[in-house]
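Visitor: What follows is the residue order along each chain.
There are 2 protein chains.
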Amino acid sequence: MADALKIGVAGLGTVGASLVRIISERHENLATACGRAITVTAVSARDRTKDRGIDVTSATWYDDPAAMAREGDIDVLVELIGGASGAAKDAVNAALERGIHVVTANKALLAEDGVALAALAEEKGVLLNFEAAVAGGIPVIKAVRESLTGNTMTRVYGIMNGTCNYILTRMEKEGLSFEDCLKEAQRLGYAEADPSFDINGNDTAHKLAILTSLAFGCEISCDDIYLEGISNITQDDIRAAAELGYRIKLLGVAQRTGGGIEQRVHPTMVPHDTVIAQVDGVTNAVAIESDILGDLLMVGPGAGGDATASAVLGDIADIAKSRPGAQTVPALGRPAKSLEPYKRARMRSHEGGYFIRMRVADRIGVIAAIARRMADNQISLESIVQHSANGERDAPTKTIIMVTHATTELSIRNAVKAMESDGYIVGKPQVIRIEKP
Amino acid sequence: MADALKIGVAGLGTVGASLVRIISERHENLATACGRAITVTAVSARDRTKDRGIDVTSATWYDDPAAMAREGDIDVLVELIGGASGAAKDAVNAALERGIHVVTANKALLAEDGVALAALAEEKGVLLNFEAAVAGGIPVIKAVRESLTGNTMTRVYGIMNGTCNYILTRMEKEGLSFEDCLKEAQRLGYAEADPSFDINGNDTAHKLAILTSLAFGCEISCDDIYLEGISNITQDDIRAAAELGYRIKLLGVAQRTGGGIEQRVHPTMVPHDTVIAQVDGVTNAVAIESDILGDLLMVGPGAGGDATASAVLGDIADIAKSRPGAQTVPALGRPAKSLEPYKRARMRSHEGGYFIRMRVADRIGVIAAIARRMADNQISLESIVQHSANGERDAPTKTIIMVTHATTELSIRNAVKAMESDGYIVGKPQVIRIEKP
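Residue numbers (full-length UniProt numbering), protein chains in the order written: chain A, 1 to 437; chain B, 1 to 437.
These are calculated hints, taken from the structure and not from any lab test.
Careful, some of the hints might be misleading.
Repeated chains share a single entry, so a pair holds when one copy, or any two copies, can fit it.
Only pairs whose alpha carbons sit at most 25 Å apart, straight line, appear in this in silico DMTMM-like list of lysine to aspartate or glutamate [what the hints assert, rightly or not]:
(1) K436 to D280
(2) K183 to E382
(3) K428 to E184
(4) K417 to E123
(5) K428 to E97
(6) K343 to D236
(7) K124 to D3
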């Protein structure tokens, strides 16, 4: 049997502690599967005295992860610190510069610096693996990077944030408000004390940016993602969606269009009888549409210490199974310098169906006025219903819900603007995009 | 760039022709992704004169695929002939003996001889890749063999035969009989002229046997699979399932139990609101339950020339990306000689819920008699309904539908036997197992 693969783990939070425990508990199984042992020879974390329920006494301790990356007796740096800059970035760069493999779960770092890191890994002839960075335990990176080689991808989309999906699922099943479900998610540890990064869609955007690059062979561009969070989704939206045969999910979507690549994260109506609509709670799902294979959907745990550690372990095992210097798989699926520049498709050119819900003054001619504004903008309606909510029957306003056939974002924006200027709309109209598999 | 990887394609049916066409059309993309070109240098098929819509004039033609494997100027044999014996087996063995890599879509060959072939591949230091053999284009082999390394799997199950799923979906959506849906499937090319291999579950069994070995680290045992096909599923079953909140799918299931490994293929009730229940038509789905990652589900095309060719191409690309002699991934996830002997769990010990539908004589005391027989066998009922089908109201028989809580196969068999001996059952009771995620 070959020499043991020596691992340095930077960051001993939930995922890091899971990983160290699993490698220790399954030492023999891993050695059988990989043809060599996997040993944690070095660790680094902030607080050396903290009890994490794992034994790291046989590993060398480093206060500074970059020092471990530079000097540690390791073949692989496993970076589980997180964050786009600081210690994580320094450690990963130091490891690659030294010419050792890197496994990371750090979506922020990859979304910001993935292309440069991939280029450095290639230059040094080492692997940069990051299965855990996108959709946690779901092996979507491997699927896109390896299984789908030769395919031209047309669209990738998915539920990539468990916190948001948990909240939307609870809102639907229990009829609770967004605020109440968020509190529940925080109580259960599914949401952070400051949940804005999840709720506003930034976390999904990081994952989408990485996936977009792999799927379309372009440079990573996280800043070009259209972003809308879930905090303004109400029970009225959820109920109207259900009546129309839809469920609301926060999706990240990347799509090839004539004008470039569209990347967007927003609450989305998905048809109720599709597989992705049935993905509930903290579970994630990623769909990949490609021209040879067709449609592939992967569903699984998107977060959690063990699930994430499983993905990290898969990445480590891939390195253990390859002989030193033997791998030529580029980190982003093709050599970093052959990645195409990212060409952003303008959001106003987005094409699709739309759901529009608005309160309007209850007076004669309003429906006709609405219909005229839609027609003016060449928008064809699939349905329009006047909706009487509880207690609203005698109010001076009524609710109008419309679903459009495929149109453009610009047409919708123009139509809504025109209706607002007409003066019959009360409050702000709710506009939710529809995504069909 | 490294030298081109030279491919010999044995079998130019739908999949083989797709593969040759795709490799030719995407030559540049593949070279960029793999770091070297992929070239078809030899082909073999039965009829040299047949027009397949592809140009193979630059490849050397072999009438005998084994001769191509032995003597061809190739680095990889791609075996797309099919069948557990004869030309396919001879060619694969010849290639491995010679020490060249093999990519195959041949589930029958692997189900019969997979362990011996894996051992031979390891001995010769070459790869034996077979992603296309299980669930067509879905990268389930890669997920189990690579991504889930270190996990202990507890259950794998799935919809692995598109023909059966198409028929069951049509029966449900259109209210047609099994026979009519089968004819429709044959007309559309989803079913063979002789469909028995699909309909009886044998095709699913081959795929399950391979998956079981990979998931549980045991030898392949296709002969030990409990088998029940879909031909006796009726509209009455489908309707009763729908009423009770279930859909009927032909599943292959492999599961670790105290008594060994359970492998079974049979029509199964799955709860309506699960993701797998929404998988319709010819689409396949495979679920993998493991102890670190949790539950992973993959959904995609299980058959078709292009989808299968995509999986074959992914396998070829993995070889192209590795340097010669560099790979040590064993074909079945661990060295063939470290696979555990297959220990079969007896079907009578299977535990789960059951659906039972039977016609009984319409006389006083029958329900009480049924309930007593169930109680005698320690079977607890979730529901029991007396069902009056159309036109049955005045008949001297009525239909009883029961759903049980978890019990054993033996208890169910004994209870049904006892009820049959009681003399009130008309015809043969229908018993369908329930599977819950």
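Visitor: Does each hint fit the structure? Answer for all of them.
Guide: Do the hints match the structure? See the list:
Proximity of K436 and D280 under a CA criterion of 25 Å is satisfied in both settings, with 18 Å inside one chain copy and 16 Å between copies. Within a single copy, K183 and E382 get their C-alpha atoms no closer than 37 Å, and across copies no closer than 36 Å, so neither meets the 25 Å cut-off. Taking the shortest Cα distances, K428 and E184 never come within 25 Å of each other, neither inside one copy (28 Å) nor across copies (51 Å). With identical chains, the CA atoms of K417 and E123 are never at most 25 Å apart, being 52 Å at best within one copy and 71 Å at best between copies.
With identical chains, the CA atoms of K428 and E97 are never at most 25 Å apart, being 53 Å at best within one copy and 72 Å at best between copies. Taking the closest pair of Cα atoms, K343 and D236 never come within 25 Å of each other, the shortest separation being 37 Å inside a single copy and 55 Å across copies. For the identical chains of this complex, K124 and D3 are neighbours both inside a copy (22 Å) and across copies (21 Å), given an alpha-carbon limit of 25 Å.
In summary, the numbered hints that this structure violates are 2, 3, 4, 5 and 6.
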